[in-house]
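Can you build the whole structure from these sequences, using the hints too?
As given, the protein sequences belong to chains A and B, one line each in that order. The first sequence begins at 1 in the numbering used here and counts up one residue at a time. The second sequence begins at 1 in the numbering used here and counts up one residue at a time.
Calculated from the structure, these hints are not laboratory results. Fair warning: this is a prediction, and the values are worked out from it, not measured in the lab. Don't be surprised by glycine CBs; every beta carbon is placed ideally from N, CA and C. One thing to keep in mind: the hints can contain errors.
[As the list claims (entries may be wrong)] Pairs of lysine-lysine, DSS-like flavour, derived with a Cα cap of 25 Å: (1) K267(A) to K414(A); (2) K4(B) to K414(A); (3) K60(B) to K267(A); (4) K549(A) to K593(A); (5) K267(A) to K114(A); (6) K60(B) to K382(A).
[Claimed, not checked] Example chain A residues on the side facing chain B (calculated, C-beta under 10 Å, incomplete): (7) Y227; (8) G386; (9) G567.
One letter stands for each residue in the lines below.
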Amino acid sequence: MIVEIGHYALALALALSLVQAVMPAWAARSGDAALREVAGPAALGTFACILFAFCALTYAHVTSDFSVQNVVENSHTAKPLIYKISGVWGNHEGSMLLWVLILALFGAWVAAAKTSVPPVLRTNTLMVQASVTFVFVLFIITTSNPFARVAPAPLEGNDLNPLLQDLGLAIHPPLLYLGYVGFSVTFAFAVAALIEGRIDAVWARAVRPWALIAWSFLTLGIAMGSYWAYYELGWGGWWFWDPVENASLMPWIAGTALLHSIVVMEKRDALKVWTVLLAILTFSLSLVGTFIVRSGLLTSVHSFASDPSRGVFILAILALFIGGALSLFAWRAPSLRQGGLFAPISREGALVMNNLFLVAACATVFVGTLYPLLLEMLTGEKISVGPPFFNWTFIPLALPLLVIVPFGQALAWKRGDAAAAAQRLLAAFAVALVVALGAAALAWGGPVMAPVGLGFGAYLIIGSALEIWARARGYGQNRTHDLGTTWRRAVGLPRSAWGTALAHAGVGVVVLGIAGQGWATEGLATIRPGGQVASGPYVATLDRVGPTKGENYEETTAFLTLRNRAGDYVGTVETGKRFYPSRRMTVTESGLKTVGVSQIYASLGEVLPDGSIGMRLYYKPLVLLIWIGSLIMAAGGGLSLTDRRMRVGAPVKARAKLSPSAVPAE
Amino acid sequence: MTRKSRRLILIAACGAVLALALGLILSAMSGSIVFFRSPAEVAAQGVAPGTRFRLGGLVKDGSVKRGPDQNVEFSVTDTSATVPVQYRGLLPDLFREGQGIVAEGTLDAGGVFRADTVLAKHDENYMPREVADALKAQGRWQEGGGKEAPKDAAKPGTADATLGQRSER
Chain A
1 MIVEIGHYAL ALALALSLVQ AVMPAWAARS GDAALREVAG PAALGTFACI
51 LFAFCALTYA HVTSDFSVQN VVENSHTAKP LIYKISGVWG NHEGSMLLWV
101 LILALFGAWV AAAKTSVPPV LRTNTLMVQA SVTFVFVLFI ITTSNPFARV
151 APAPLEGNDL NPLLQDLGLA IHPPLLYLGY VGFSVTFAFA VAALIEGRID
201 AVWARAVRPW ALIAWSFLTL GIAMGSYWAY YELGWGGWWF WDPVENASLM
251 PWIAGTALLH SIVVMEKRDA LKVWTVLLAI LTFSLSLVGT FIVRSGLLTS
301 VHSFASDPSR GVFILAILAL FIGGALSLFA WRAPSLRQGG LFAPISREGA
351 LVMNNLFLVA ACATVFVGTL YPLLLEMLTG EKISVGPPFF NWTFIPLALP
401 LLVIVPFGQA LAWKRGDAAA AAQRLLAAFA VALVVALGAA ALAWGGPVMA
451 PVGLGFGAYL IIGSALEIWA RARGYGQNRT HDLGTTWRRA VGLPRSAWGT
501 ALAHAGVGVV VLGIAGQGWA TEGLATIRPG GQVASGPYVA TLDRVGPTKG
551 ENYEETTAFL TLRNRAGDYV GTVETGKRFY PSRRMTVTES GLKTVGVSQI
601 YASLGEVLPD GSIGMRLYYK PLVLLIWIGS LIMAAGGGLS LTDRRMRVGA
651 PVKARAKLSP SAVPAE
Chain B
1 MTRKSRRLIL IAACGAVLAL ALGLILSAMS GSIVFFRSPA EVAAQGVAPG
51 TRFRLGGLVK DGSVKRGPDQ NVEFSVTDTS ATVPVQYRGL LPDLFREGQG
101 IVAEGTLDAG GVFRADTVLA KHDENYMPRE VADALKAQGR WQEGGGKEAP
151 KDAAKPGTAD ATLGQRSER
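In structure tokens, the structure reads:
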């Protein structure tokens with residue numbers, strides 16, 4: 001019964017989102033203000049309905065209701081509770097339901113937030129958001145119904161793919177979707193502004209928090225997915241340049257560009273048309289990503305769907321929204337009042353360079369991801385575009401960007417002084433040089449790019465710290481040499497300044513982690529108990545191989561003792577092969593031993609009849625910094641959001657309380 | 001600085017970065033793209049030794065020989081032609097005789113495919129897309145042609161593509 005009510009709630013959400021999409025447009029014609037106000041409550045109602053539908057599906061999964069086909073295909077009575085819940089979005093239908101749930105959540109959030117957004121802009125935004133929701137709910141109801149029943153109900157389900165039965169992958173999709181789908185709000189704002197034909201600093205101020213929220217979640221979601229792939233797929237890579245990963249990376253890059261161009265628009269009333277275009281493109285890339293992953297176009301990590309009717313439907317959605325928004329843009333953009341041009345050596349000039357490099361890098365990922373699909377469709381020739389392509393195209397475009405980050409921060413708005421900025425960063429240059437040369441000397445003859453990468457990472461971290469230092473010291477007449485005053489001023493800096501510095505330092509930490517992988521080593525051996533396998537500074541001894549048992553799997557586990565080259569005990573590590581009887585599938589469970597921010601990674605190969613095992617041992621120096629840095633970046637985004645000027649739903653009065661001195665021009 | 005020169009600088013910067021991106025893409029396209037070949041195509045067209053490509057097909061029954069130190073030899077077949085493969089490293093969990101795999105590497109002078117990557121992107125009732133397509137193209141595809149269709153695979157459509165598994169040396 002609950003399942004049917006859930007299905008009905010989804011249909012109700014379809015109707016409500018249609019009301020929300022159509023009524024404001026009607027109101028605009030008839031001039032009925034009351035009718036226009038329907039959008040807000042309708043957004044809340046849509047969200048409530050979809051939330052109910054989602055809970056109903058979760059209920060069916062948790063209670064193992066095998067009369068529901070979705071539960072039959074993806075659940076099993078022996079599965080632990082947490083994976084019964086995460087199994088809801090571990091499949092095509094459920095993950096699309098999560099997609100629209102988050103879409104509706106953002107719609108309701110915009111409707112409920114008490115911001116100073118002009119009412120017409122707000123209503124139009126809700127209208128656009130509702131039209132996206134409507135089409136995607138229609139997609140679910142017509143092609144991907146999660147509530148379909150099956151009769152007669154089987155006694156047992158097919159279980160969830162064992163690789164998906166993992167805590168990391170349980171929370172990865174919700175985080176990723178909060179980011180991916182969060183950019184629907186900036187898209188809706190952009191289209192709303194185009195409809196109204198008015199784009200100004202007020203618009204930028206309204207959009208900036210939403211871009212930050214989406215960006216922070218997307219950062220977390222991508223990092224989570226990367227860590228999952230690292231420890232679960234068993235060969236120690238942290239980024240595969242897989243189309244599915246690229247699908248989430250492209251909106252992230254475009255979103256990063258958007259975040260920065262919005263700042264220019266807010267402060268300098270420039271780059272307006274470009275910012276609106278970026279807002280449209282960012283969500284378009286989210287839609288393209290959804291299409292790549294959901295259409296069954298690829299047989300890759302996340303492709304659950306194999307029904308072409310879905311692909312065609314999503315392609316139609318793509319054409320409607322991307323085509324529609326870009327046509328509207330082409331029609332309206334020329335009539336928008338452009339801001340002035342500005343000096344190349346200035347903060348805004350540096351931000352333009354940031355946007356240029358980010359967009360170029362995004363374009364190379366786009367080409368590398370879609371070219372093989374296009375080629376196969378047109379000629380039937382199958383090619384694979386792998387890491388060599390992306391390393392060759394992406395890295396040369398990313399490195400100049402890293403140089404610009406602290407440099408642009410050190411430039412003033414309007415007219416910067418390049419020499420003064422370089423002087424201010426002198427300490428960062430010096431530290432970077434010492435780090436790079438020191439690393440090169442210590443690991444002479446190793447990879448060239450690794451010490452260079454460490455230098456870049458150090459430059460970014462020190463450069464971000466110097467930025468805070470310089471602002472706290474003050475400029476011109478306000479300059480202080482008193483440490484106490486500097487400290488008090490640093491504490492008094494707006495949170496967004498701290499957030500920016502933190503996020504940029506986070507990029508530096510990620511770069512350190514990536515650079516460390518240049519020194520990663522790998523050992524491979526066939527060993528018996530008592531045998532050894534070595535990698536980098538560590539040696540692992542196989543103690544024994546034995547069976548262990550989990551809730552819904554049987555495991556053959558290899559127990560190893562780790563020592564360093566001098567023979568000192570470091571710790572133990574276990575790696576195993578898990579056999580899931582429900583799917584008759586075997587999955588390798590890698591073993592990790594963390595030493596500082598480095599990891600030793602053991603992966604069990606085949607267990608041969610004669611008792612010997614294959615064992616792979618990686619040493620991954622600094623690898624944890626990749627994800628710690630991502631967390632720092634997301635934390636920087638979060639910290640910026642707590643800035644009074646940025647808080648979604650902050651009472652307008654709070655603005656007046658701020659003393660002008662606390663808000664120095666950024 | 002005049003408005004005109006500012007605009008010129010902006011346009012020049014855009015042009016330079018876009019030209020750089022385009023140049024990188026084109027050079028990478030010519031250098032680092034890997035083609036997919038089935039054993040029949042390798043036999044018919046021949047692939048120059050040293051050229052990197054992806055070889056896809058079924059692991060021939062009875063062909064897997066394990067050497068010392070994680071060296072392994074096996075043959076990849078599409079039933080009309082067979083290519084011997086050498087690989088050193090851990091094989092993916094789903095690797096076994098009769099299963100579809102994709103290997104990446106180069107042919108040596110003796111016609112042996114030296115793989116540095118072996119992928120098994122499938123589960124018990126699914127094949128790598130490229131392999132299935134290649135078999136279909138030769139008319140050797142039997143619908144549901146997996147060797148051991150699990151009895152609990154209740155309906156067509158439940159055969160979901162599993163997560164890709166790869167093993168790299």
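Results of checking the hints against the structure:
With a CA separation close to 10 Å, the supplied pair K267(A) and K414(A) stays within the 25 Å bound. Between K4(B) and K414(A) the CA atoms are separated by roughly 17 Å; this keeps the pair inside 25 Å, and the hint holds. A threshold of 25 Å between alpha carbons decides the hint, and for K60(B) with K267(A) the separation of about 66 Å lies outside it, so the pair is violated. For the hint linking K549(A) to K593(A), the alpha-carbon distance of about 21 Å falls within 25 Å, and the restraint holds.
In summary, the hint linking K267(A) to K114(A) is supported, as the alpha carbons are separated by about 23 Å, within the 25 Å threshold. Of the pairs offered as hints, the one joining K60(B) and K382(A) holds, with about 23 Å between alpha carbons and a cut-off of 25 Å not exceeded. At a threshold of 10 Å, the smallest CB-CB gap from Y227(A) to chain B is about 15 Å, leaving the interface hint violated. Taking 10 Å as the C-beta contact cut-off toward chain B, the hint placing G386(A) at the interface holds, the least distance being around 6 Å.
For G567(A), the suggested interface contact is broken, since its CB lies about 24 Å from the closest CB of chain B, more than 10 Å.
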